[in-house]
Each structure stands twice: as C-alpha cells, then as structure tokens.
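What follows is each chain in one-letter form.
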Amino acid sequence: METIFAWVPWVVFAPVLGILINLLFGRRLGEKVVGLIGSLASGAAFVIAVMLAVALGQHPEGAVHPLAAWMRVGDFSVGWSFQVDTLSTTMMLVVSGVGTLIHIYSIGYMHADTHHHGDPGRFRRFFVYLNLFIAMMMVLVTADSYLMLFVGWEGVGLCSYLLIGFWYEKGEQGLGNARAGRKAFIVNRVGDFGLLMAMFVMFWAFGSLDFATVFAKVGTVASGALLAITLFMLLAVTGKSAQLPLYVWLPDAMAGPTPVSALIHAATMVTAGVYLVARSQPLFVLVPAAQSAVTWVGAATALFAATIAVGQYDIKKVLAYSTISQLGFMVAAVGMGATVAGMFHLITHAFFKALLFLAAGSVILGMERGHEVALHGQHLRKDPFDPQDMRNMGGLRPRMRTTYWVYLIGALALAGIAPLAGFFSKDEILAAASEQSLAVFIVLAAAAFFTAFYMGRQLILVFGGKPRTRAAEGAAENPPIITVPLIILAVLAALGGLLNLPGLHWLETWLEHSLEGLAAGHFILWVALLSLGVALLGFWFAWLIYGRKPRQKPAEADPLAAPLGDVYRGMERKWWVDEFYWAILLRPAAWLANLLAGVVDQGGIDGAVMGTGRLARLAARGLSLLENGFVRGYALVMLLGVVAILTYLVLR
Amino acid sequence: MPVTYYLVLSAIMFVLGVVGVVVRRNAIVIFMSLELMFNAANLLFVAFAAYYQIVTGQLFVFFVMTVAAAEVAVGLALMVAIFRAKHSIDVDQMNSLKG
Amino acid sequence: MPVIQIVIFIILGVVAVGTAVGMLLSRNAVYAALFLVLNFATIAILYLILGAPFIALAQITVYAGAIMVLFLFVIMLLGVEKLPFKERLRGQRLIAILLGVVFLGETVLYLVYHGQAGQLPAPASIQFVSPADLGHVLFNEYMLPFEVTSVILLVALVGAIVLTHREKSAAAAEQV
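Residue numbers (the working numbering), protein chains in the order written: chain A, 25 to 676; chain B, 960 to 1058; chain C, 633 to 808.
Accuracy of the hints is not assured; some may be wrong.
[To be verified] Listed next, with one range per pair, are the computed distances between beta-carbon atoms:
#1 C:635 / A:647: 51 to 61 Å
#2 C:745 / A:631: 55 to 65 Å
#3 C:744 / A:631: 37 to 47 Å
#4 C:634 / A:666: 32 to 42 Å
#5 A:647 / C:643: 43 to 53 Å
[Unchecked claim] Stretch-level coverage of chain B by chain C, calculated; a stretch enters the list once three of its residues show a Cβ under 8 Å from a Cβ in chain C:
#6 984-995
#7 1012-1026
#8 1031-1045
[Stated by the list, open to error] Sample of chain B residues with no beta-carbon within 12 Å of chain A, all distances over it, derived:
#9 961
#10 963
#11 964
#12 967
#13 981
#14 1000
Keep in mind that the hints were calculated from the coordinates and are not lab data. Built from N, CA and C at the ideal position, the CB exists for glycine as well.
Build the full structure now, drawing on both the sequences and the hints.
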C-alpha cells in the first residue's frame, strides 16, 4: 500500500500535463476538447487524492515521499518532497474535488462569457490558468517544508493575479480589471513578506524549514522567536485569507470571471492561510498571545465583513464579503486551537460558497442573456447596464428554477440552518468559542446573525418579487453543463455535515493522525440552539425589511437607508477602508514613487548621464573654437608656446 | 663697444617682426615682417662674424639671402594664386582650416 | 670705446627700429614696403661698419633691389585694398604685443646678464672681409650648400611659374 503514496507527485503533474497539452495544442483542439482536458487533469488529481485517502485509511500515519533535491547551501538543504498525511490529503480532496466541478462548470460558463466579451480565443487561456492554479495549490498543500509551501503560496498568488485580470482590457476606464489584479498581488505581497520573515526567523532559530524538524525541536527554542514567527505568520494569513487589515483585495478580485471567484477566492486559495495555521499548530500552542491575536483578528473580521455585506448591491460583492466573514470564522477557530472545527468549516464552506458563487454566475449569465434578448440581439458592449446589480434583478424564481433551489440550499447552509452542512461546522466553532472566551462568542454570534440577514436579503432581492428590468424578465435557465455541477455541490452542501457529526466525529478521528494534541470537539446543546435561533432571526428580519414590501424599481433607496442613516452609508461604502488606505498609505507612497521617478530618476540619474553627454558636447564646442581657421590665431598660439619655452629656459 | 648692443638691436627687430606676423592682416605685409625677422638674424650673424673674426658668419648671410629670395618668389606666387581664388589678401578670409 | 662709434650706432639703431615700427603701423602696403626698404638700407650700413662690404652691397642689391621690388610689383598687381582697422580676433593685438614685450625682455635680460657674449671684448679693429676671402671659403668648404642653393633657386623659379600659371581654356589644354 505504501507504493500508492508514490503516486502523490501526480497530483501536481497531472494538472501540469493538462497545461502543456492545452498550451501546445489547444488552438487546434477546439473549445470542448480544451475544456475536457482541463477537467480531466483536475479530475485525475482528484482520483489520485482519493487513492491516497484510501491508502491512508490503512496507514494513517502517512508518509513523506521525496521527489528531488532542490538546493543545498552550507548547512541548509531543502528538497522537493511530498507530505502525504490526513491533513494534506483532506486539502487535496477539497481542492481537486471542488476544482474539477468548477472546471466542468467553466466549460459552459466561459463559452458564454467569451462570446459576451467578444474574444472566443481566450477560452484556452482560462483553462491553462485554472490548471496552473490547481497544480500550485497542490504544491502548497503537499509541501513538507515551509519553503515548498511558500513556493505554492506564491504560485497561487500569481494565478490569482492572472485570473483576476483575465479580461485585462475591460473594467472601468479599460483598466479596472488590471488594477484589481494588481491590487490583489500587491496586498498579498505584504502578507508574503510576513511569511518570508517568519521563515527567516524560523531558519535562524531552528536551522531548518522542514515541518518534521521544526515541530520536533519546537520545545527548545526561545519563546521570543516563536512569538515572532507566529505573528509574522498571522500577517501572511491576513493577506492570503483576506482578514483585517489586508482583506481589501478580495472584493476587487470579483472582477475576475465567476468560476475564478468560486474556486480561488472562496473555496481554495483563500483557505491556504487557515491551512498554514492548522499545519503550524505545534508552534501556535506554545504562544498563547499569538493564538489570541489570531482569534481576535478572525472574529473581528467576521463581524466587520458581515456588516459590509449588508449594504452591497453587487451579487458577487455580497458573496465576497461573506467569504471574508466566513474565513474570519475559520481563522478564529484555528486560533482558539479548535483546528478540527476550522478544517470542518473550511470543507463545508468550500462546498456551499463554491455553490453560491457558481449559482450567482448562473444568475449573471441568465441576466446577460435576458439583456441581449431585450435589446433584440444587439450587442452593446459599452452598455452601462450591470448584470450583477441585484437591484436590476427580481422575480427570477419562476424563470430559473434550478438555480433558485441550489441557491436556496447554499444560502441556508451558509447561514447555518440545520441539518445542512454549515450548521454543524459553524456550531462547532461557536461551541469552542463559548468555552474559551465569551467576548469572542458574542462577536461570532453577531456575525452569524448578519450572515443570515444578508443572505435572506440577497435571496429576496434576486429571486423574490417581480422582475425589475426587462433583462430580468427575459432571464432563462442555463444548460445542464452549468446546472449539473450546481446540483452536485448542492448535495454536498446539504450532506456535508456528515463529515463530523457530533457523536461520530469522523473528521476529527481522521485529522488526529496529522495534528497532535487536538482538543476533542464538544456538542453543547444551548450553543447549537442559540446558533440556529440567531440564524432564523436573521432570516426573519430580512423578510420583515425586504420581503414584505418588495422593491419596485431598481433605483429605489434601500429600506435600511433611512432608519440607519450614516451607519447604512458606512456599510454601503465598506466603512471607507479603501479610502483610508489611499490617504494614509498609498498617497504618500505614490508621491514618493513619483518623486523618485521624476526627480531622482529622470532628473538626477538621467540628468547625470545626459549631463555627461551635454558636457562632452560643450567641451567639444569650446575646443572647436581653437580650430577657427584663423591662421593668425594659430600663429599667436605658436608665439605663446615659444615664449613659454623660452621663459622656462631662462628661468632654469 | 661690446657685441651686446648688436644683440639687443637684433632682438628688437626680431620681436617687431614676430609681432608684425601675428598682428597684421594683409598677407603681403606679413611677408615683409618675415623679411624683417630674416634681417635681424642676418645682423646677428654678421656681428658675430666680425667679433669672432671668422668668415663663416658672413657666408651664412649669403645663403640666407638667397633662400629668402627664393622663398619670397614662391610665397608671392602663392599669394597671387590665392588672390585669384578669394579676391582678397585678408589672411582672415583664408579660413578653410576651420573645424 | 670711441664715443663716435656708439653715437653712430645709436642713430642707425633708432632709424632701423623706427622704420620697422613704421612698417608695422602703416595701413598702406606701399608705405610699408618703402619703410622696409629704408630699413634694409640701414642694415646695409651696419654691415659696412661690421666689415662685410660684400654682404652689405648684396643686401642692397638683392633685398632692397630685387625682393622689395618684387613685393611692390605684387602689391600693385593685386590692387591692395585698405583692410578695416578693427581687429577681428579678440585680444589678438593685446596678447601679441604683450608676448612681444615679454620675449624681448627675456632675451635682453638673458643676454645682458648671463650671456657669455657679454664678456666678449670688442676686437681692436674690425677687419674688412674682401669678396676674395669670402669666395675662398665659399667654394672650398661650402661647395655643396652652394650647389644646393642653386637648385633651390631653380625650384623656386619653376614653382613660381607653376603656381601662377593660368589655363587659357580647356580646349587649348587638350590640344597640348
């Protein structure tokens, strides 16, 4: 059975193979084959992950499978090895499983999207990037050292950038998407800096970056070094997993195509931070200060993002802030030491958030189709009509039945309604919080209330009432290639709770083999009832405010705007965080950059270089005066020379 | 009277000739200043021939005169040729060496 | 030292320098040529005083009689214009005169104070060198320079003709 572990490099190489085939031959193969190859590559990775999981059932302690040596510098040597254990295999399954479903969905989605944007040739590029992402994510989760993890970390950051800016020439002023991609890259860089610093301190303190070596020696290192390492890791987590203060890139990342939002910015890449903390548990448990920092960052983000989601109109932005909020739950969980709860929520969140994003994509496609029909098939690309604005929707329930039902299931799962998946995972997190810190518990419970509230608002605005525009009137359901993955994900969202049902604790037993010293998850009845009640309360409020008097026109003010006044405006304007960053951080940086580019580089350095040229020219012009062609001048100079020599001789 | 007197006179005439070459613009006058310089040198030769009581000094003046005559002939022929091209004997006009 | 000798020398010296300056300063080229002739004559008298009769008369004949006449011919041929007085090159005159003064000063200073010639006493009497003596030395020891000088004269002759030769017409040239 050990030989099955030897298959693990293929979880990385199968997608790479997909990339190569699509890159080299994609243009000739046509859309369907390209999509098929991409999905097969991802599916192959999934199959191998399943095989590894089965093998792990027999040998739960896992193995480390070395592939190649990478570098050896003095005492430091690191190689490319694959770590197969329950934690990494869990991640592998989630990434490749959800990933394959999204690949299949993308075949249909990108076909429509590239035609809507007018560039069908870009279809192949999308699948190449998606496969690259799967490969990089696999590198991240199968890494056996922090350095390899960092390689995957950077790789998924790159893919995120490439995919956010997929339609690089579109967006506001033709630059919006490119700017969003750049913002994601740069903000992530701040986080990557954190991870790099953590690795530097780790190398200095431990002498190695391998998981095995580090976790073994963790007791012998000074606590100051451990605190530094964990806090820097926290910085990395806030970047990659979009927590305060580095979450600002995620809402902008919605500029990418919807499958990208589903895969990368909901289900997988953003969970890399949670995975990092989960993997580094042996370090965190020794530094309670770092743990509480992580917990509070997570909890605060959860509530903060949930409040913003209440005021958003774009269907994808609501889901983006919801993702940030749910990531906050996960981060808080692993910060409290409830790693199993965090991983559980990661898995269920992957299911229902991917489902919600893909369903939102289905809604958007329907709106776009309705819009084209409303315009009698004319293609107006510069049309200000926004198919993603929920105020333009309404009454889609009878028109897009399947999408409605899967969206409903996803929303209920997200809000935490029993017996859907989200209920169990969120409940475990709340239970852990109630045991550790009442303050954290209250914050998370409030966030859960808002979660239900904004999801209810979204359901009503999108599917309820009557269509508010002709586009919504003309919306129609999408073909099966889109709806079938939705249904599969809906089933997973519904039944996902089975993974770690209280009393059965399958996931906990599974993960125990990789993570030592886990606290056993408890099922506390009053917490469960409270979380259910809070969710139902949220839905009821949403119906009260939005459902009873449905919005009639797209341009109406939100019913909350009047009573809440400035608070509502704050929620709508994302609490002005981006503006704050711009004023405090970015404007001075931009000023400095302009200064350096203009004054220092163009003026100073270019000036020096040009100046030497100008100086040479001046000297030449000056010297050319000597060659003025006046013979008498030459004679005078000769006379001067003679007198000079004579003077010298006389004075000698 | 010591030979120094002749030396000083010769030096004065030579310097006058040099300054004449550098200052005057008329090419012919420049030539004449050149002749002045020759004469200053000749005077020196003859003076030393007399004071050292050797004949060679005077012989040298003989040669100098001959060569000076030849040089003047050629030089003035050159001046005439240039005048035909430039229609001026202003030395400043002959600045083709410029640049 | 006979005073009369010094007086005569000073008179001649003043005339020589004066005519030289006059040549430098006159704007009319003919006047300059005539000044130079006067200068040559003075120099010839000095030669006489120094006991070189042949050279003195050769000076008058060759320099004043032939060379200066040639100069005058050329001046008349070229229709000499009156060149503008203003100096085109800045500082040329000033520097030239300055340098001239420096030159002169150095030379005189050196000759008077360091030159060994200053120690040379005047001979008892200046010996007259006759043409025969000159001829003796010329044709015995300096035969080669003599022949070379004649070649120089020939070359100068040919050169002068070539330089001033004007093509009558292209057709005439081809006929030749």
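Outcome of the hint check:
Distance hint for residue 635 of chain C and residue 647 of chain A: a CB-CB separation of about 58 Å, consistent with the stated range 51 to 61 Å. Checked against the hint of 55 to 65 Å, the pair residue 745 of chain C and residue 631 of chain A passes, with Cβ atoms roughly 58 Å apart. For residue 744 of chain C and residue 631 of chain A, the Cβ-Cβ distance of about 59 Å falls outside the hinted range of 37 to 47 Å, so the restraint is violated. For residue 634 of chain C and residue 666 of chain A, the Cβ-Cβ distance of about 37 Å falls inside the hinted range of 32 to 42 Å, so the restraint holds.
Separated by about 50 Å at the C-beta atoms, residue 647 of chain A and residue 643 of chain C satisfy the suggested range of 43 to 53 Å. For the segment 984-995 of chain B, the stated coverage by chain C is satisfied: 9 residues place a CB nearer than 8 Å to a CB of that chain, which reaches the threshold of 3. Interface restraint, the segment 1012-1026 of chain B with chain C: holds (11 residues with C-beta to C-beta distance below 8 Å; minimum three). With 11 residues having a beta carbon nearer than 8 Å to a beta carbon of chain C, the segment 1031-1045 of chain B meets the requirement of three or more and the stated coverage holds.
Remark: the non-interface label on residue 961 of chain B is consistent with the geometry, its nearest Cβ contact in chain A lying 20 Å away (cut-off 12 Å). Remark: the non-interface label on residue 963 of chain B is consistent with the geometry, its nearest Cβ contact in chain A lying 16 Å away (cut-off 12 Å). At roughly 20 Å from the closest C-beta of chain A, the C-beta of residue 964 of chain B stays outside 12 Å, upholding its exclusion from the interface. With a least beta-carbon separation of about 15 Å from chain A, residue 967 of chain B lies farther than 12 Å from that chain, consistent with its non-interface assignment.
Remark: the non-interface label on residue 981 of chain B conflicts with the geometry, its nearest Cβ contact in chain A lying 5 Å away (cut-off 12 Å). Distance to chain A confirms residue 1000 of chain B as a non-interface residue, since its nearest Cβ pair spans about 15 Å, more than 12 Å.
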